[in-house]
Amino acid sequence: MYLRPGFLVVIVGMTLTSLSTIVVMLRYYCRWYRMGIVGATDHLMFIALIFTWGNTVINYYQDQSSRKVRPSFFRIPEKRPLLESALHGTLVTWYIYRMTYGVALCFVKLSILWFYRAIASHRTFRRSVNILITFVILYTFATTIAAAFQCEKPSESFDVTGYLSQFDHDPNTKKPHFKCYDPTRLWVFTSAVNLFTDVLIMLLPIPTLLGLRVPMSKRLALVGIFSVGIMAIIASCVRMWVMALWSESPENSAVFGTDLLLWGQVETNSGIVSASVPFLRLFFRGSDRRPDEKPLARRKVQEIRSPKKIPTDGVPLQKESMEFFDGRKGNEESGGSGSPEWSGFITVPASLSSASRGSAILEPVQAHLTV
Numbered sequence: 000m001y002l003r004p005g006f007l008v009v010i011v012g013m014t015l016t017s018l019s020t021i022v023v024m025l026r027y028y029c030r031w032y033r034m035g036i037v038g039a040t041d042h043l044m045f046i047a048l049i050f051t052w053g054n055t056v057i058n059y060y061q062d063q064s065s066r067k068v069r070p071s072f073f074r075i076p077e078k079r080p081l082l083e084s085a086l087h088g089t090l091v092t093w094y095i096y097r098m099t100y101g102v103a104l105c106f107v108k109l110s111i112l113w114f115y116r117a118i119a120s121h122r123t124f125r126r127s128v129n130i131l132i133t134f135v136i137l138y139t140f141a142t143t144i145a146a147a148f149q150c151e152k153p154s155e156s157f158d159v160t161g162y163l164s165q166f167d168h169d170p171n172t173k174k175p176h177f178k179c180y181d182p183t184r185l186w187v188f189t190s191a192v193n194l195f196t197d198v199l200i201m202l203l204p205i206p207t208l209l210g211l212r213v214p215m216s217k218r219l220a221l222v223g224i225f226s227v228g229i230m231a232i233i234a235s236c237v238r239m240w241v242m243a244l245w246s247e248s249p250e251n252s253a254v255f256g257t258d259l260l261l262w263g264q265v266e267t268n269s270g271i272v273s274a275s276v277p278f279l280r281l282f283f284r285g286s287d288r289r290p291d292e293k294p295l296a297r298r299k300v301q302e303i304r305s306p307k308k309i310p311t312d313g314v315p316l317q318k319e320s321m322e323f324f325d326g327r328k329g330n331e332e333s334g335g336s337g338s339p340e341w342s343g344f345i346t347v348p349a350s351l352s353s354a355s356r357g358s359a360i361l362e363p364v365q366a367h368l369t370v
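Counting from 0, one number per residue, gives the positions in the sequence shown under numbering that gives the first Met the number 0.
The reader is advised that the hints may include incorrect statements.
To be verified - Pair ranges (Cβ atoms, derived):
no.	residue 1	residue 2	range
1	Phe283	Ser154	45 to 55 Å
2	Phe148	Ala191	27 to 37 Å
3	Ser154	Val198	56 to 66 Å
4	Arg184	Arg3	44 to 54 Å
5	Lys217	Ile10	51 to 61 Å
6	Phe283	Arg184	22 to 32 Å
7	Tyr27	Met215	51 to 61 Å
8	Met215	Val187	23 to 33 Å
9	Val56	Val237	37 to 47 Å
10	Ala220	Tyr28	35 to 45 Å
11	Lys67	Tyr28	40 to 50 Å
12	Leu185	Ala220	36 to 46 Å
13	Asn129	Gly223	58 to 68 Å
As the list claims (entries may be wrong) - In silico DMTMM-like links for lysine to aspartate or glutamate, alpha-carbon gap of 25 Å or less:
no.	residue 1	residue 2
14	Lys178	Asp41
15	Lys67	Glu151
16	Lys178	Glu155
17	Lys217	Glu83
18	Lys67	Asp158
19	Lys152	Asp258
Hints were generated in silico from the structure; no laboratory data involved.
Only a predicted model underlies this, so the values are computations on that prediction, with no experimental measurement involved.
Backbone N, C-alpha and C fix where the C-beta goes; we use that ideal spot for every residue, glycine too.
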């Protein structure tokens, strides 16, 4: 049975986006009902999911508007009337897709980076995360504006006459004069930068994780949890290869357009799933708060006294991660040792600072208030 390439993109997009929706909903469940806290990282991922559904709807209309068009029609002048009636919708949807695709990836990356920011206890790591967040925001804003103003007049970006003139090799034919730049350069550039930032985001926390004072097996396990994003990187690499084929000529852009859309769906949904799967570990465990304990967001303000020094005779003091990273014993906003974001991942020692491995005893601090 023959399936149109565009229809196959719609099927894959609906399937993957539905899977991403289930994963994100389970993520919210684990974060709120198991950990007692939902943060900006979860809301950013939810926004990314909304844009991904928007891209899926755009893919559907792309298929509907191009179902009567074949790539061979572009070389046959007699087929121009049929092309013009269907091509306008295709060009409009592609024009919108150029912008929404990049925005969806931006929110996926921001969700991951915001989670890094919440757990960052080292100043260098936190500064690197902030720099990367700023770069992703500015880069996405710049590429979105560039995609919107591909031509001097935005309406010329989806003009049917100007698009068909690319396939007319007759030198005697009068072609319209539009002031536009070649969009393939922008797409190749954005694909390369997306791949580069994906690799940076995956590698960014690894030095900090390897510096933890825990057994090597647990360090590698934690690195493995943060490395599930390799799925998105593989999808990004394949899409980059398809992009190279797509950008070779106008004819190739018509032939490989559906492949580009297909791997765009795989890349975005892989990022959503791989960034949310680590939180689902709590779904198979018990709740991280006691049955009579209120969620962190609804907990009353209470005073916590400083702990006394405990003589350890030089033996490092060890604590379970659920106790050490409990939000009641630290400041969530600081992203330091009291951040509940780490909850449920691993058993860790009292000291997480790779820069000060000689200190393992909790220093007394002043009494403070927390919520």
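Hints, one by one, checked against the model:
1. For the hinted restraint 45 to 55 Å between Phe283 and Ser154, the CB-CB distance of approximately 53 Å keeps it satisfied.
2. Take Phe148 and Ala191: their Cβ atoms lie about 21 Å apart, and the range 27 to 37 Å is violated.
3. Distance hint for Ser154 and Val198: a CB-CB separation of about 38 Å, inconsistent with the stated range 56 to 66 Å.
4. Checking the proposed 44 to 54 Å range against Arg184 and Arg3 shows it is violated: the Cβ atoms sit about 29 Å from each other.
5. For the pair Lys217 and Ile10, the beta carbons lie near 41 Å from each other, so the given range of 51 to 61 Å is not met.
6. Between Phe283 and Arg184 the C-beta distance comes to about 47 Å, which lies outside the given range of 22 to 32 Å.
7. The given range of 51 to 61 Å is broken by Tyr27 and Met215, whose C-beta atoms sit roughly 34 Å from each other.
8. A hinted range of 23 to 33 Å for the beta carbons of Met215 and Val187 is inconsistent with their spacing of about 41 Å.
9. The hinted range of 37 to 47 Å is not satisfied by Val56 and Val237, whose Cβ atoms lie roughly 23 Å apart.
10. For the pair Ala220 and Tyr28, the beta carbons lie near 24 Å from each other, so the given range of 35 to 45 Å is not met.
11. Checking the proposed 40 to 50 Å range against Lys67 and Tyr28 shows it holds: the Cβ atoms sit about 44 Å from each other.
12. For Leu185 paired with Ala220, a C-beta distance near 40 Å keeps the hint of 36 to 46 Å intact.
13. For Asn129 paired with Gly223, a C-beta distance near 26 Å fails the hint of 58 to 68 Å.
14. In summary, the hint linking Lys178 to Asp41 is not supported, as the alpha carbons are separated by about 42 Å, beyond the 25 Å threshold.
15. For the given pair, Lys67 sits about 30 Å from Glu151 by alpha-carbon distance, which is inconsistent with the 25 Å threshold.
16. Under the criterion of a C-alpha separation no larger than 25 Å, the hint pairing Lys178 with Glu155 is consistent with the structure, at around 9 Å.
17. Of the supplied pair hints, the one linking Lys217 and Glu83 is violated, its CA atoms being roughly 61 Å apart against a limit of 25 Å.
18. Of the supplied pair hints, the one linking Lys67 and Asp158 holds, its CA atoms being roughly 19 Å apart against a limit of 25 Å.
19. Distance hint between Lys152 and Asp258 is unfulfilled; the C-alpha atoms sit about 29 Å from each other, more than 25 Å.
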